[in-house]
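Listed here are the chains, written in short residue letters.
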Amino acid sequence: MHVTRLALHDFRSYDSVEIELDPGVSVFVGANGQGKTNLVESIDYVATLASHRVSSDAPLVRAGADSAVVRVEVQRGDRSALLEVELLPGKSNRARVNRSPLPRVRDVVGILRTVIFSPEDLALVKSDPSDRRAFLDALMVLQTPRLAGTRAEYDRILRQRNTLLKTAGRNRRAELSTLDIWDENLATAGGELMAARIRLLDALAPHLAEAYVNVAALAAADRRTATATYRPSFDLADAREPAELREAMLAQIERRRPDELERGVSLVGPHRDEVVLTLGDLPAKGYASHGESWSFALALRLASFALLREDGDDPVLVLDDVFAELDRGRRDQLAALVGDAEQVLVTAAVLEDVPGGLTGQVFHVEQGVVKRD
Amino acid sequence: MYDGVIQDLIDELGSLPGVGPKSAQRIAFHLLDADPEDVRRFAAVLVQVKEKVHFCSICGNVTEDTECRICADARRDPTVLCVVEESKDILAIERTREFRGRYHVLGGAISPIAGIGPDQLRIRELLQRLGDGTVTEVIIATDPNLEGEATATYLLRMLAPLGVRVSKLASGLPVGGDLEYADEVTLGRAFEGRLSVGGAPAEPRP
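Protein sequence lines, in the order shown, are assigned to chains S and Y. Heads up: the first sequence at position 208 corresponds to 211 in the numbering used here, and the numbers run straight through without jumps. Heads up: the second sequence at position 52 corresponds to 223 in the numbering used here, and the numbers run straight through without jumps.
Extracted from the complex, chain Y is given alone in its bound form (with noise of 0.2 angstroms):
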């Protein structure tokens, strides 16, 4: 145990996400050595984060203003929204350049042990989005697990009325990856959801 300011510190880094007791100490002393200003940048930051940013009206994304980077943003597609549990999901999915049209955050997925129902999710803004008939296509993009999956399940069965297409992201096999080496499950996947790529049709019609 240190003396003080400098054990308030180590306790306070201690309970950030991924950083144990060992790291805490070291990124502490870090900062003691560290130039006056740029601890003093870094303090900013921190209270900065918390007084400027803020979830899009829209969409949920983090975001300094009203609405996010990719909502103001009139280039993309207003016809096609992606539904995903976090904002860093979106930065996944951009990453990927595939995808032009807009985002809808839930801010997390139905977990009954975590407390997490549907009241809790964004999803009444999302009905609210769908209302005016411009989305045409809906894509689920919750994570493969079973919360995840649950989430979808739930969104499906509250869209499926609305008229919308919509869709889930397959799931299947790891690219550069070798097959061999994929979990049943994985592999059970990849097989319900495989693509037809050419040859006879699978049902030839009358």
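The shape of chain S in the complex, shown without the other chains (with noise of 0.2 angstroms):
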């Protein structure tokens, strides 16, 4: 698939702009500050419902602007669909395609694929481990867009629960009939949860290890094996299966009780759980220097795109100022493993930071303004 019209009103700095976009290579090129990022990220948004550079949606639109508006139009074989999304902070957020509104904004989710790459994506190997359950959780809701409801639940029924050990572990008791039942709601959907995130990482396991040998080893001679593996906050002995694991959850909550109630939070569950990422027989993190760490981090971006272009089309590759960031070697290997894309957008501060061999449609951001060149 790929973008072929993308417009944005109030978003971050623009009040209005409008773009057309062809298959192939397109660079946004244009000093600091100066919108390049907006675009792309705006893009990304309709496809996830979230930012990869900020956690609220306040911060997206256009300051003193009430809302914004994103419309992309999506070229996928010979059909196209017009998606737009409407942001309103504080309120709850609107989306419509082909001008028909959906009933739940998150149903445009998956509609548009996207794998973005940016400086941030150093974080997926070096930070905690909040940052790897966000990538597998956006990753698996692009490729099962239900289980976006599944995610939803889970942490509605966790703020519930852990309200209630707040509440119950200091007058002890009294609600603490209606614990189980609430346990009982977490393992359903935390099984679920967790049942999808070993598959997809099964699923993502040879397009990783593959797409480390491609960037590392011709950049940096470095063949070890790179794997993700799960790693949760109990053993699951065998468990693979939602209702097994729901099982799993639920005898394990009941050995933590003591020390949830003492603490007044929920230890078990997906919300705690660990993707756990090894490089040869030792873990990325802590271990993997600064280039390994980035050859993984592109690994890990390289991996999704190939999972979820198994599904018959190419999602829509970004590339988010990622080159500055790379030694020659990376930044060469990067750019001929994403060129057979269908579509690929970057951003560069500046034309030369993009490698020779991505080529393709030129233009110039500044001050809000985007001019083809």
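Honestly, the hints are just simulated from the structure, not real lab data. Note that the Cβ used here is the ideal one computed from N, Cα and C, for glycine as well. One should not assume that every hint holds.
Straight-line Cα separation of at most 30 angstroms, DSS-like style, residue types lysine-lysine; simulated pairs [as the list claims (entries may be wrong)]:
1) Y/K221 with Y/K259
2) S/K169 with S/K288
3) Y/K223 with Y/K259
4) S/K94 with Y/K223
5) S/K94 with Y/K193
Computed list of chain Y residues with no C-beta within reach of chain S, every gap over 10 angstroms [to be verified]:
6) I177
7) R211
8) V216
9) E256
10) G288
11) E296
12) L298
13) V356
Assembling the complex is the task here: the two chains are given apart, and the hints tell you how they should meet.
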């Protein structure tokens, strides 16, 4: 699939902008703070309903405006779809597909698929487990949009249960009679979530190993195997199906009950799980060098792209300011690996940062004005 | 900002559910223009509603008497009890004219975030009502959301040892809608709760 048209109103620094895009490579060039990233961020937002830069919607709306609109026309084979998302901070956002409103805004997720590379990706390797969980869940939802509902439901149960644990821990007994109901709800949604994450990592594994070799072997003569394994907050034995995982989770909740009451938070479930990244025999976090960490982060994104591609349609690839972060070898390797994607959107401060292998349409972005070369 | 009492009125109206600052201002000026007699009557009703209306001593529905209209109606079936979250749910079910039994209002649903546990709901009263054995079936009609479902599960556990029949309203497809527009959760529930409508029995007996 590819994006044919992008229109923004009151999004980030833009009060109004409209651009037409072609398949193949498009490069947005401009000095820092001119609005290149805002363009690709908006496309990614329509695909995932999240920004790769901020966790809330408020900064996405131009200062002084009440709402922002992102309009993206997507071409998939010979069919095109117009996706519109209206951001209303403090209220519920609205989404439309081909001019008809969607009952729930999250139904828009997954119609457009994107894989975005950005400087923030280094955090996938170096930072806290929450970043890796977020990476996994975002990919999971792009692949199976239905799971966005499970995800939201799990978070809601978790909030209710944590509140109960906090209050029940204080006055004991009184409300504990309802705790096992929340246990079961949490385990049902949690089992489904864990099963989906494990399945996803299994599917990702061969792509990840291949992508790492592709990036690292040629760039740095590094032939180790990169793996990403699910490490739950408790022992799952061989459980893989949602129902088995649910039982395992319930048993663990039972065991950890005294601790949970003591501390007033839920200690068991997918919100505490970790994705362990290893390189050869060593964990990537703490052991991998800066360059190796970058190779791993790129491999995770390339693997995501390869996995989504298996469904028969290329996701839109976004390379946001990523070349400036890489050394020459990794830069050229990355360019070679993404060159055949249906559409690649690149942002860079100067055209020289973009490897020669990636040539295409150039757009100059200056003070919120986008000019086609 | 307006002076004195008009601003007080706008503030009061603005604190009502579903009324924003603009609407509050509009209502306030409407009241200013209105006939003094109408406004007096309106004010009187506001006072009366707090003085006269209270909760039915049996089911918890709103009423002006000690017992509500439905509890006092001898023609209603005393053996079937429908458990709802709020009084307004009774109104919705009454509109169907399908149900001829009586009600029990819980006063909300279990939600730790909102500070509502079983002790804040009228569950003890429900168990007392079931004590004399008149009621043979309890229909749980809580909202089909997370909190309503949690309440239903809790009730089911409390009622199971009592030996009454317990049922729960079905979740499924809206009448008059299109299958293709149903969300996957609703559709999944509709599959789980599907009805046998004929043909061969699902599991033939030997």
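Violations among the numbered hints: As far as the earlier hints go, 2, 4, 10, 13 are violated by this structure, in ascending order.
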